[in-house]
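Construct the entire structure; sequences and hints are all you get.
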Amino acid sequence: MLLTRLKAGGPAIAKQGILVAFIVFMIAFSLMSDRFLSADNIMSVFRQSAIIGVMAIGVTIVVIGGNLDLSVGSMLSFATVLVVDLHDKIGPELAIPVMIMATLCLGAINGFLIGILRLNSLIVTLGMLSAIQGLVLIYSGGQNVDIADQSGTWFAVFGRGAVFGIATPIIIFLGLALIFHVIMTTMPFGRRVHAVGGNPTASVFSGIPRSRIVFMTYLISALCVAIAAIILGSRVMGSQNNVGQGYELQVLAAVILGGTSLLGGSGSILRTVLGVLMLAFIQNGLILMGQPYYTQWLVTWAVIIVAVWLDVAAKRGRLFSPIA
Amino acid sequence: MTATREPALRLQGIVKTFPGVRALDGVDFEVMPGEVHALLGENGAGKSTLMKVLAGMYQPDEGQIIIAGQPVRMTTPIEAKAQGVVLIHQELSLVPEMSAAENIYLGELPRKAFGRVDWKILEERSNAILKRLKCNFRAEVTVAHLSIANQQMVEIARALTVDARVVVFDEPTASLTDAEKVVLFDIINDLKSQGVGIVYISHRMDEIFTLSDRITVLRDGAYRGTLTTADTNEDEVTRLMIGRSLDLSRNEAASKFGDTMLEVRNLTCTGLFEDVSFTVRAGEIVGFYGLVGAGRTEIAETLFGLRTPTAGEIRVDGQKVEITSPRDAIAMGVSLVPENRKEQGLVLQMNCRDNMTLPQVQDLTAGPFVAKGAELAIFDQYREKLAIKTPSWRQPTAVLSGGNQQKIVIGKWLSMKPRVLVVDEPTRGIDVGSKSEIHQLLRELAAQGYAVIVISSEMPEVLRVSDRIVAMYHGRVMREFDISEVTEDSLVQAISGIKSAEPA
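Protein sequence lines correspond, in order, to chains A and B. Residue 231 in my numbering sits at position 231 of the first sequence; the count goes up by one each step and never skips. Position in the second sequence (from 1) plus 1000 gives the number in my numbering.
Each hint can be trusted.
No more than 20 Å apart at the CA atoms, straight line, and that leaves these computed lysine to any residue pairs for SDA-like:
no.	chain 1	residue 1	chain 2	residue 2
1	B	Lys1372	A	His181
2	B	Lys1342	A	Thr201
3	B	Lys1372	A	Thr185
4	B	Lys1052	B	Arg1165
5	B	Lys1342	A	Ser266
Bear in mind the hints are in silico, worked out from the structure with no lab data behind them.
Here's what the structure looks like:
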């Protein structure tokens, strides 16, 4: 029955599969826990999702451009350690720009290898994932870093502050999402990223500087990581050497959940935001239900599989693959 | 064929709808045993859908499939095959790493104890089938090592493992040479004499008239009639197919050419082409004719900045230019409609409007934003000018027919207002109706003063659209013809490298 229904009117609904799943989860969790839909809880989920969210914006753009970025996790470790360490050495007003420049350099290395030399993005960024982790350890000498005067620095505003009662991380996350959404949907750059991801050859045949566009997507991804590091460093006021470990997969999960095609050429930042929030609410809901936090890994996996399945099913108009 | 005999296969009133489209609208079709029945229609007329219904891949919404007098329901290709209906795909569906024998019996390999494959029986049987097809290779050979034509033989051999009642050939000659075609036609005639019903789908009129006994025409998903091949002619079939008669004559535009827009001198790209010189004047179409690999596409790519020449010079409108990237070419007013529109011409999942404005999107801005109004104006202008059929600019170009896709690519480059337009294989894989429209369009563009280069592997096409023809062989210009002096013989000689074609 479900099969025929999906065939008939389903595609339109299944197309919004992520939205439907999101609503279903919200209803289910709110029935199971009365704290789930409280304003406090919602705010706290938004705040916690901001770091993954900001990184996911950059990765969405890379993926629309037809590539992957798995280096964002250790890049986050790098940027956070750097900004926290430099905070006490040269002051936050210098630490922030220095850290941003250094992180952009890492992005430029990715961009050069993948955009200009046309190396496979999976291999390059997987390599960068461990290379940058090594770099962090060399820099810190294996020591964790922290900020001495945690209450006196204006650096706290990014992770702990609030504007009009809304936590700064939320404002940064949603603001950035909106800005990049506008860039991707209404500006020439966004159009060209879509073209390069959708068909790199046809893009070159249309006079689009493919290498430069791919390079730019990795710079954007690095910039997003740098911003996420500011939020993280400011919130924790210190950093472990491997603080970003595993973030790359959570980020990628959110991007996929948002329906961005790993083949490149299509995707949406606002839908990535939905993906980020959905993952965050699932994790939060499970914790509220008293599940140990690592159950979220299993549930996240299951949610992604179902989301991808529904997406494919909507495209082919049936749940199971036709024979040919 | 007597009326009392049962058709091998009969389709009655087949209706198939997809969301928003009535792909088949009450189609009737039958094949007698021992008959070659050609199925004709433009792209999008419903041929493929009908064949998928036949092969059990689609279920018809209405109508009946009758095989040997019995109504049947087929829900998978396997069931269809069991009923003796086999489809030979346009695109080969072989596993290249496996042997011909394994491919022939794929999915039903003969077994011995413990499920082990019985290689001996497999190879005996496969070789027997290949022999029946008069193939000159053995079944043990890996498919990847076979020529396209021989791969197609493997595909046909696969069809013959069952007792086939009906064999459907979907554009089987698309990638075959003339000699290979003869072999294929022999096989088809052979099958025919064994009482197999053949459905033959093709765009090529000459093949259809050589092979078929009857012709059924579809247009816009509807049945338009069945003709007996012996009693009809190409005109009648074409009229039925496109709903009007086709003007195949040359447009003798008054030959008023302007200044030389493009001049190429001694252009060389080592290993690809040598010492190529030619000129194109405003208002003129120069056809480049030659065999595949003669270096024509490579010249086009060099003009468009995708290759760097090792020697020679290019002049556009009298100015010597250095073209090192497509951007340079575009800036100099050189545009290229590439030979493979799906891979090089279009971003398929992108909509029609965005594809058309892609080369200039960074200049079509209002402040930092893309000026959607200006974009839409460009799209509408060329949609009208080129008669592009699409319900809306929002359609992804993937869903358009080949002809309309090609028009989007042409529109994309016309909107750049080029001085020199290079069109590589303008009508490859495009149905006959759209083909003549595109030819017409190219003539009109020349009349408007564009300098046009048309690269084509089809002689009728170069003869029809060109004012001059450059014949190429192995990376060299063999001879240049004025359209008034060219003959088919001299052209064939020139592209085969025969020097005697040189005029006295």
